[in-house]
Structure formats: structure tokens, C-alpha cells
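Between the sequences and the hints, there should be enough to build the whole structure, so can you do that?
Protein chains: 2
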Amino acid sequence: MRFVELISKKRDGQELTPHQLEALVDAYTDGEVPDYQMAAFLMAVYFQSMTSTELGAWTGAMLHSGQVLDFSDIIGAKVDKHSTGGVGDKVSLILAPLAVAAGLKVPMISGRGLGHTGGTLDKLESIPGFDVNQSVERFKELVDTIGLGLIGQTKEIAPADKKLYALRDVTATVECIPLIASSIMSKKLAEGIDSLVLDVKVGSGAFMKDIDRARELGQTMIEIGATMDRPVRVLITDMDQPLGRTVGNSLEVIESLETLRGEGPEDLTEITVELVAEMLNVSGDMTDRGSAKMRLRELLRDGTAMNVFAQIIEEQGGDPRVCKDFSLLPTASNQVEFTAWDSGFVEAIDAQGVGIAAMQLGAGRKTKEDSIDHAVGLVFHKKRGASVKSGESLLTIHYNDDKNLDDVHERLKAAISIGNTEPEQPPLILDRLQ
Amino acid sequence: MRFVELISKKRDGQELTPHQLEALVDAYTDGEVPDYQMAAFLMAVYFQSMTSTELGAWTGAMLHSGQVLDFSDIIGAKVDKHSTGGVGDKVSLILAPLAVAAGLKVPMISGRGLGHTGGTLDKLESIPGFDVNQSVERFKELVDTIGLGLIGQTKEIAPADKKLYALRDVTATVECIPLIASSIMSKKLAEGIDSLVLDVKVGSGAFMKDIDRARELGQTMIEIGATMDRPVRVLITDMDQPLGRTVGNSLEVIESLETLRGEGPEDLTEITVELVAEMLNVSGDMTDRGSAKMRLRELLRDGTAMNVFAQIIEEQGGDPRVCKDFSLLPTASNQVEFTAWDSGFVEAIDAQGVGIAAMQLGAGRKTKEDSIDHAVGLVFHKKRGASVKSGESLLTIHYNDDKNLDDVHERLKAAISIGNTEPEQPPLILDRLQ
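Sequences listed follow chains A and B, in order. The working numbering applies: residue 14 is where the first sequence begins, and numbers increase by one. The working numbering applies: residue 14 is where the second sequence begins, and numbers increase by one.
No lab work stands behind these hints, which were simulated from the structure alone. Remember, it's a predicted structure, so these values are computed and weren't measured experimentally. Among the hints, erroneous ones may be present.
A pair counts as met if it fits within one copy or between any two copies, since identical chains are not told apart.
Here are the simulated SDA-like cross-link-like pairs (lysine to any residue), alpha carbons at most 25 Å apart as the crow flies [unchecked claim]:
hint, residue 1, residue 2
1, K168, T42
2, K379, R15
3, K381, P47
4, K176, A353
5, K379, L342
6, K153, F339
7, K396, D253
8, K416, V349
9, K22, L441
10, K176, E45
11, K396, A239
12, K175, T42
13, K176, V46
14, K426, D386
15, K22, F60
16, K306, L82
17, K306, E328
18, K176, D338
19, K426, I190
20, K222, S346
21, K222, Q61
22, K175, E45
23, K395, V17
24, K153, A90
25, K175, V17
26, K306, D223
27, K222, R15
Okay, here's the thing in C-alpha cells:
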């Protein structure tokens with residue numbers, strides 16, 4: 014096959030056959046198709062998109078470029094949740110044990126943070142001893158016995174996606190819905206799950222800045238799931254302000270533990286419960302959403318979910334005492350209050366600005382190679398809609414190194430708006446697709 | 014500068030600055046921008062095109078990536094002609110000496126044939142001893158003294174274009190008018206010419222299959238010329254059937270020599286005279302087109318143009334006796350008639366099919382690395398519109414090797430249509446742009 018002909022076919026808006034797309038992905042993974050041909054192909058996809066059939070074949074080829082876990086012999090519904098990423102998004106840490114407490118199996122493979130967004134693996138690694146690198150055998154055993162495993166992506170999973178993502182990053186072909194959707198799905202479907210719930214975040218702190226694009230992404234992932242016989246449900250959720258009160262790894266673990274004992278902030282609790290309800294729904298384990306959500310809140314309050322989390326911490330080498338004693342988690346040596354410069358209402362908290370401020374403190378990475386400081390971050394005392402008095406603390410900055418502190422102050426000042434109008438509070442769950 | 018940002022700017026339809034485009038071309042030529050980034054950029058250009066300002070800067074950057082000849086101290090108007098390529102297109106061999114006979118200077122840098130189209134250099138090399146590789150100093154001396162030089166592209170001219178063309182060839186970004194136009198213009202403007210006449214061919218044997226695309230290409234080259242202060246004129250000409258009677262290198266040289274003594278076929282004579290008239294026009298050396306064309310035909314008949322051709326053959330190491338004695342040119346060892354299978358009119362001769370048949374005989378190259386046989390080719394006795402009787406010869410096949418002869422017959426049979434309707438003869442010159 015002459016691959017240049019596949020590029021021109023796509024360029025001209027013709028549909029490629031599944032066989033052609035599989036050959037292209039395979040040859041690219043094997044190094045037979047050079048980066049420059051794939052780069053031209055990806056840019057053609059940017060302009061011409063992909064049909065449902067093409068997307069299924071393309072995703073399938075990436076999925077089968079590596080190891081696909083088979084958990085079919087594990088009893089129970091295997092469901093995972095994926096978030097497109099946000100600021101203060103520690104949902105996975107609460108959701109995974111809560112879903113297991115509710116009877117699901119959660120084989121969760123997560124990623125690291127980059128730029129203004131955080132990553133589940135970095136948060137888990139704040140817990141002393143917690144090891145996200147587990148063999149596939151051990152991962153399977155954990156899912157079978159505890160009901161969940163929390164690991165990082167291995168290089169055996171979807172290597173084609175890894176290679177393609179690196180190329181997209183340097184060829185301006187990241188912001189392309191079929192490529193985003195197929196990338197996520199190829200990794201998630203390798204987890205051996207039966208179904209998937211997606212949290213597509215929209216707003217200043219999210220990858221998707223407007224709701225129409227978020228809906229399109231969600232719909233595309235549902236389509237891909239359908240071609241692979243894996244039901245996918247999508248919640249579109251607000252990411253205009255950070256989720257919960259904390260941004261920063263160790264601080265987010267503390268907030269997650271508070272939420273796991275039923276004492277978390279309402280936005281974080283609500284979104285987690287909604288997502289787990291959706292996981293039960295897609296697995297066929299939910300009859301009535303209202304009573305399901307009540308039961309989930311009860312599993313937080315009565316310690317069942319916390320108990321699952323303590324178990325998995327212990328099984329993955331961490332110290333489960335952190336669940337009760339937060340002082341065992343990394344703590345920053347300095348704290349300083351960031352105070353209101355005026356009286357009024359907190360009208361907006363730009364999530365992206367807050368994410369970048371946290372990154373500058375050391376909580377996040379500017380490039381993949383950067384190391385992070387698990388202890389540092391931000392704790393908000395006032396969220397959107399709160400009334401403040403001039404001089405009152407808006408948030409506490411936890412830091413170890415003061416070299417970027419002036420920058421961080423400036424970023425936060427720019428990110429937070431104080432005004433005279435009490436802002437409308439948009440709903441947290443903006444839409445639900447299936 | 015982060016080049017990925019330039020790719021996304023182009024992808025999003027924004028205009029790049031001249032400085033950004035120059036930096037991109039320079040960095041690509043120097044190997045700082047990898048092929049995969051340029052491939053993505055080229056595909057984005059395919060979809061988003063370029064503005065006139067962008068095209069000027071892009072072409073200028075390719076032009077200045079290498080040596081730009083300066084012939085400003087040579088007296089007289091320096092004009093060249095470029096054809097987008099066709100089948101049986103031997104115009105340059107007649108046009109160059111005719112233009113010089115009419116008082117112009119013609120520094121002509123030509124290319125080789127590929128696929129179904131022929132190349133001027135291959136035709137010239139049919140002449141025993143003719144050397145198309147001349148130093149820049151010698152080329153300049155020839156233009157100064159004889160009035161013309163006929164050489165091949167040196168690697169010093171527009172190296173950025175050479176590198177880009179090779180990349181476009183394997184990334185499905187060849188068929189893109191701004192990229193075609195800038196590629197041609199960057200090479201032609203390196204010749205030290207004051208102005209340029211373009212023969213944009215349209216039809217089955219041409220690169221452009223429809224006249225609207227041909228006009229768009231012509232207009233784009235005029236625009237680029239304007240940004241560089243180099244007037245460009247364009248003739249759009251018919252390439253639905255081969256030009257003249259012969260296809261094949263040595264055979265085309267013979268036909269050119271016949272035309273240079275005023276005995277060529279009318280289509281070839283007409284197009285050559287029209288193009289030289291346009292060269293005079295763009296140089297400001299023509300007052301009345303009608304009388305200019307009459308004078309040009311006279312310069313063919315009276316031997317003035319032939320005399321110039323004999324001179325340049327001698328100066329570039331060839332044997333000028335070929336002008337009178339065609340037996341000094343390579344001759345194929347076998348000839349066979351290709352006869353009409355029916356009586357009627359020749360309704361059409363598909364130029365591309367004929368070009369491929371000639372290539373299969375050895376007259377052309379399938380890939381750049383192939384060698385060619387100068388002696389072989391086709392001599393037509395019947396062109397479009399001729400009436401034929403069954404069994405009468407349509408053309409003579411000149412061949413050395415009979416291994417592809419069956420294929421050649423089949424191709425020719427498919428390329429030539431005989432029917433009962435006398436076809437309309439479209440004009441040879443379809444349009445004129447300036």
C-alpha cells in the first residue's frame with residue numbers, strides 16, 4: 014500500500030476502509046510510516062474529520078497496538094471514569110472507592126498532571142509509600158479481591174497512541190475532537206472495562222472552552238464506544254472555577270479523605286456522587302437515580318468507601334494511617350494568607366489562572382520532565398458567590414520556596430474577580446449524554 | 014520562535030507575517046524544523062491557502078535559500094518561459110532560439126521528465142555531446158554573448174524548494190496551487206530574469222485537468238511576480254492531445270528542427286510564436302501583436318532562429334551538424350505502424366495515455382532514478398479531427414526493446430478514439446492572463 018494515497022484520500026474527504034486505517038496505525042507504530050507522513054495525515058483529519066466507522070477502526074487499531082487487559086473472568090461490572098482534566102479535580106480518589114463500596118469493580122489507569130491541570134497519579138503519590146507501578150498480574154488481583162486498582166499507564170498499553178500523541182503535540186493537531194476522543198478511548202478500552210463514564214469538563218480551566226465542543230467530544234466518545242460494544246455515558250460538568258477547596262497534591266488528598274468521610278465540600282461531593290450513579294446506571298445496577306444517590310452519600314458517611322480506600326492504600330504499599338492522621342502527608346513549611354483587596358462578592362475564580370499559580374508554586378509541571386512538590390498548593394476559603402470583606406482571607410498559599418511567590422500573587426489577583434453583583438451560580442452538571 | 018504556533022496559526026486561517034514565513038523556510042532548510050512539522054504546515058496550507066503577502070514572503074524565502082543569479086549588467090531584456098508540462102511539449106527548443114533571434118536574452122534553466130510528461134533537458138541530451146551542466150559563470154557568458162543558455166537546475170538554486178518538493182511528494186501536498194506556484198516562481202526568479210511568460214497547460218495530459226484551476230494557478234503566479242516586481246504573463250493552452258506530431262526525445266528534437274526552419278506542424282508553430290510574442294510583450298518590445306507574430310514566423314523561415322540554435326549547440330559541446338543531418342541523432346532500431354481498427358474520424362487522443370505509452374517504450378521515467386532511451390518514441394500521422402480508413406497507419410512506434418510492446422499497443426488503443434463524428438477543435442490558446 015502506498016501511504017501517500019491514504020493521505021490524499023483523507024485530504025479529499027473520502028472515507029478510508031477499516032483495513033487501510035489499521036494498516037496505517039500498525040505501520041506507523043512499527044516505524045514503517047515516517048512521522049512526516051503521519052503528520053500530514055493528522056492535519057488532514059483535523060480538516061476532514063473521521064466517520065464513525067473510521068473512528069472505530071482507528072481507535073481499535075490503537076487499542077490493539079498494545080496489551081489489552083482481559084478481566085472477563087472477574088465477577089462483577091467493570092467500570093471506569095475518565096475526566097478530560099481540570100483544576101482541583103480530585104474526583105477519582107473519592108469516586109473509585111465509593112464505586113467499589115457500591116458494588117462495582119474499578120480497574121483505574123490514570124495519568125499525571127501537565128500545565129495547569131493536575132493528575133491522579135501525582136495526588137496518589139503524595140501518600141507516603143503509595144506505588145502506582147504495579148504489574149498487570151498484581152493489578153488484576155487487586156481488582157479481583159479489593160475491587161479496584163489505581164495504577165499508571167504502562168508502556169505496553171496503546172503504544173500507537175503514545176507515539177501519535179507525541180507527534181500531535183508538536184504538529185498542532187492536538188485540538189481535534191476525533192483524535193482526542195480516539196486517544197482517550199484507546200487507552201480506556203485497554204483496561205478491560207465493560208463500560209465507561211466520561212466527565213467532560215467545560216470552562217476556563219478545561220481543555221474544552223465551550224459547551225458545544227464539549228458535547229461534540231462526548232458524543233464522539235459515545236459513538237466510538239458503540240462501535241466497540243462498550244456503552245459510554247457522558248456528564249458535561251462546569252470547570253469555570255476550581256473544583257472543591259484545594260489545588261495541590263497533598264492538599265487534595267486531605268480534601269478527598271474529608272469527602273470520603275462525608276465531610277467534603279458540596280460541589281465535590283455532588284459531582285462524585287453523580288458520576289458514580291452514572292457508573293451504576295451504565296452497568297445496569299441502578300433502578301432509581303434519587304435513591305442511588307442517597308445510598309452513595311450514606312456509603313461516604315458510614316465509612317464504607319473510606320474503608321475501601323484504606324485497603325487499597327495498604328495493598329499498594331502506602332500508609333493507610335493517613336486516612337485518619339493527615340499530618341502523615343507532606344506539609345509545606347510556609348503558609349501565607351491571600352486576602353481580599355476589596356469588599357463585595359467573589360464574582361469569578363478563573364480556574365486556568367489558579368491552575369497556573371499552583372503550577373508556579375511547584376504543584377504542577379510546565380513540561381513532562383519537571384518534578385513536582387507534593388506539599389504545596391492553595392486552599393480556598395471563599396468560592397464563587399461568597400461575600401468577602403476587604404482584608405479577609407480568600408485562600409491560603411502553602412509553599413516551600415518563595416521564588417515565584419510574587420508571580421503567584423499576581424496570577425491569583427488576575428484570576429479572582431471581586432465585585433458588587435452576586436453572581437449567578439451555574440449548575441455543576443451542565444448536561445448528560447448517552 | 015515555537016514553530017508549532019506557526020502551524021496552528023496557519024491551521025486556524027490566520028495570516029503569518031513575512032518574518033515568520035522566512036524564519037520557517039530558513040529553519041527548515043537548515044534542518045532545525047523537522048519534516049513532520051513542515052508536513053503538518055503544508056497540509057494546513059493545502060486547506061487554508063496563503064494570502065498574496067504570505068505567498069510573496071514564502072517564495073522570496075525559497076528563492077533566497079540559494080544562489081540568485083544577477084544578470085543586471087547584461088544588456089537587453091532577460092525573459093524566460095515556463096511550461097507546467099505536457100506530452101510532446103518541445104516548445105522550449107524552438108522558443109528559446111526564436112526569442113533570441115527576436116532580440117531577447119533567454120537564461121533558461123530546465124528540468125527533466127517524470128511520469129507521462131517529458132523534460133527539456135532530456136530532449137537536449139539527445140543531441141550528441143550537448144552538455145546541460147554548465148557553471149554559472151559560463152551560463153552568464155553564454156547569455157551575454159549568444160543570448161541564451163540552456164542548462165539544468167543546479168543544487169545551489171532554491172535548495173529550500175528542492176527539500177520542500179521532496180516532502181510534498183510523499184505527504185499528498187503536491188496538488189496545492191499556492192505551493193505549486195511558489196515552487197515554480199522560486200526557481201524561475203533565481204534565473205536573473207526581468208519577466209516571465211507561463212504556459213499553463215490544461216487537459217488530460219496536463220497537471221491541471223480543468224481550466225478554472227489552471228486560471229487560478231496562472232493568477233497566483235502573476236500575484237507572486239507582482240510582489241517581487243517581476244511581470245508575469247500567462248497563456249492557458251490546450252493539452253488534451255499531444256502537441257505536434259512526435260513524443261520521445263530524439264524524435265522531438267527532429268520535429269523542433271523542422272519547426273525552426275519553418276516546416277513544423279501548425280499547432281507547435283502557433284503556440285511557440287504566441288509565447289514568444291508574449292515574451293516580447295511583457296518586455297515592452299512589442300507594439301502590435303499581429304505584425305510581431307508575422308515577423309517571428311519570418312525568423313523561422315529565414316533561418317535566423319535555426320542559426321541561434323546551431324550556435325548554442327556548438328557552445329554547449331554538441332554537434333551542430335544535427336540541424337541539417339537528422340541521422341546524427343539517436344535512431345531506434347525498429348519501427349512498427351500502429352493502424353486504425355476502424356474507419357471514421359480521430360475523435361480524441363488522450364495525451365496522458367500517449368505519454369504513458371511513450372514512457373513504457375523507454376522515452377520517459379517512472380521514477381527519478383530510471384534511465385531513458387533517447388531514440389524511442391511515437392510519430393503521429395493522424396491527429397484529432399483527421400479522417401482515417403481502417404488499416405491506415407495512425408502513428409509509427411519507434412522502439413529498441415519489444416518487451417512492453419503489447420502494453421504500449423493496449424495503451425494507445427485505449428487512448429485513441431475513432432468514431433463517426435468529426436470532433437470540434439478547441440482553440441490551442443484557451444486564455445491569456447496578465
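Worksheet item: Which hint numbers doesn't this structure obey?
Response: 4, 6, 9, 11, 16, 17, 18, 19, 20, 23 and 26
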